Amino acid sequence: MTTEPQLNSPVPSAPPAAVHATPEMLAASRAKRIVFLVVFLDLLGFGIVLPLLPRYADGFLTQLRLPDWAVGVVVGSLYSLFSVMQLIFAPIWGRLSDRVGRRPIILLGLVGSVIFYGLFALASNMDPATQALTAVVLLFVARIGAGIAGATVATAQAVIADTTTFEERSRGMAIVGAAFGIGFTFGPLIAFAALLFADDARAAPGLAASLLSGLALVVAWRQLPETCRAKLDGTATNSVVAAGRLNFRRMGRTLREPTVGLLILVFFLAVFGFATFEGTLSLFTERVFGFDNRSNFLIFAYIGFVLLVAQGLIYRRLARVVDEVSFIRLGSAGMLTGLGMLCLVGMLVAAERTVAVDQQMWMIRLGLFLLAVAVAVTGFAFLNPSVQGLISKRSDPNRQGEVFGVNQAFGALARILGPFIGLALFFSAPGYWVPYALGSALLAVVLALTPQIKRR
Numbered sequence: 001m002t003t004e005p006q007l008n009s010p011v012p013s014a015p016p017a018a019v020h021a022t023p024e025m026l027a028a029s030r031a032k033r034i035v036f037l038v039v040f041l042d043l044l045g046f047g048i049v050l051p052l053l054p055r056y057a058d059g060f061l062t063q064l065r066l067p068d069w070a071v072g073v074v075v076g077s078l079y080s081l082f083s084v085m086q087l088i089f090a091p092i093w094g095r096l097s098d099r100v101g102r103r104p105i106i107l108l109g110l111v112g113s114v115i116f117y118g119l120f121a122l123a124s125n126m127d128p129a130t131q132a133l134t135a136v137v138l139l140f141v142a143r144i145g146a147g148i149a150g151a152t153v154a155t156a157q158a159v160i161a162d163t164t165t166f167e168e169r170s171r172g173m174a175i176v177g178a179a180f181g182i183g184f185t186f187g188p189l190i191a192f193a194a195l196l197f198a199d200d201a202r203a204a205p206g207l208a209a210s211l212l213s214g215l216a217l218v219v220a221w222r223q224l225p226e227t228c229r230a231k232l233d234g235t236a237t238n239s240v241v242a243a244g245r246l247n248f249r250r251m252g253r254t255l256r257e258p259t260v261g262l263l264i265l266v267f268f269l270a271v272f273g274f275a276t277f278e279g280t281l282s283l284f285t286e287r288v289f290g291f292d293n294r295s296n297f298l299i300f301a302y303i304g305f306v307l308l309v310a311q312g313l314i315y316r317r318l319a320r321v322v323d324e325v326s327f328i329r330l331g332s333a334g335m336l337t338g339l340g341m342l343c344l345v346g347m348l349v350a351a352e353r354t355v356a357v358d359q360q361m362w363m364i365r366l367g368l369f370l371l372a373v374a375v376a377v378t379g380f381a382f383l384n385p386s387v388q389g390l391i392s393k394r395s396d397p398n399r400q401g402e403v404f405g406v407n408q409a410f411g412a413l414a415r416i417l418g419p420f421i422g423l424a425l426f427f428s429a430p431g432y433w434v435p436y437a438l439g440s441a442l443l444a445v446v447l448a449l450t451p452q453i454k455r456r
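Numbering-wise, the working numbering puts 194 at position 194 of the sequence shown, and it's gapless, one number per residue.
I should point out that these hints are in silico values taken from the structure, not numbers from a laboratory.
Some hints could be false.
[Stated by the list, open to error] Label-pair restraints from in silico Cβ distances:
{"id": "1", "residue 1": "N398", "residue 2": "L370", "range": "39 to 47 Å"}
{"id": "2", "residue 1": "R394", "residue 2": "L298", "range": "25 to 33 Å"}
{"id": "3", "residue 1": "A424", "residue 2": "P258", "range": "30 to 38 Å"}
{"id": "4", "residue 1": "A429", "residue 2": "L298", "range": "22 to 30 Å"}
{"id": "5", "residue 1": "V137", "residue 2": "L283", "range": "19 to 27 Å"}
Everything numeric in this text was worked out from a predicted model, so none of it was measured.
Positions of the beta carbon are idealized from the N, C-alpha and C atoms, including for glycine.
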């Protein structure tokens, strides 16, 4: 019987030329490649579905004759439920992966993605005139299920922690970020093409997302090795009774760990600030630039491309010579600058409300907006893997899944609160700049906390 290669010994990032790669090194390298591919394919489906969700939901809700405020609540709930499920299930999946291994949890999450993206396709294809209520209910079920399945991303991060050395941890975490960037670049482009060439084939994007997750499932089933050290050593228990529930006492223990709690707070504040931008982006581009849905897909793709370049290329090159705390400081400064520039765009809009805006001024605003987005996204791309890497380095190696699950849960909470509060503030002032002022303030707090991370 063939056994999985053992991954419990440290894995050098680049073995000397005179030394042949060991089975452990080969298995670790394979695991990282497969995790990258699996996350990319799954996020490609996510990127296809996300821009279409409000468009499809609004079409069904219009038939139900709901008032505008109720439509906003329902669409906002569809967005938020995904993150609510991640808040609940990321710690559960992470802790389970410490018990039963990474591989079965990742496979389970991919099975869920296949099912619930397929359910999204089924709901999308229903007749708005006769099946609107049923379609909305199915959209809610699909979003809840997709959130539960997507919460396994913390387990993918634990695989990276299992297969990288202490020194290479942050560069390894950038692999997941690069997969996010590629998936979020091409997913909206696929959705854009679907609307451009097959606007009547409403089920096609959901089916494409389901098939892509199915492909990721096949790849993971055939190629992904087990990487959990405790599982490979035979010291992990297969009992999931204690692990398979949300345990606030265990979460509290994680938050009280030296530095780890502070890093999770930094991650929460950064994601909160960034989510105020993400949650209001479509409205901002519509109100300020007159962009329709197709144009917004291109903006989402632009964001994904910037994330890919910043995290997949620039960060991984610089991480050999720049430490994590410096990257956190640089990233938070970049996010603060980018969100501040968005405030400036909004204020320019407010100042121009009483006069006609000529084409030249419109182009200046658009150029400033695109630059602001690039700076903010690059800052987030620098900050995110650095925080993840430090959390991994400063936590118990046998509890990586649990700790990453707690961190992802707080990230999910930030993604719930950020869009909710950002949207509530969006119309509070002419120019729609208030959400970005709040995001800037939160990043200023993050920047002030970075010296505490260094000292601890």
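Hints and how they fare:
1. N398 - L370: 39 to 47 Å: 45 Å, holds
2. R394 - L298: 25 to 33 Å: Check failed, 40 Å falls outside 25 to 33 Å.
3. A424 - P258: 30 to 38 Å: Holds - the Cβ-Cβ distance for A424 and P258, about 36 Å, lies within 30 to 38 Å.
4. A429 - L298: 22 to 30 Å: Hint holds: Cβ distance 28 Å, inside 22 to 30 Å.
5. V137 - L283: 19 to 27 Å: 26 Å, holds
Taken one by one, the earlier hints fail for this structure only at number 2.
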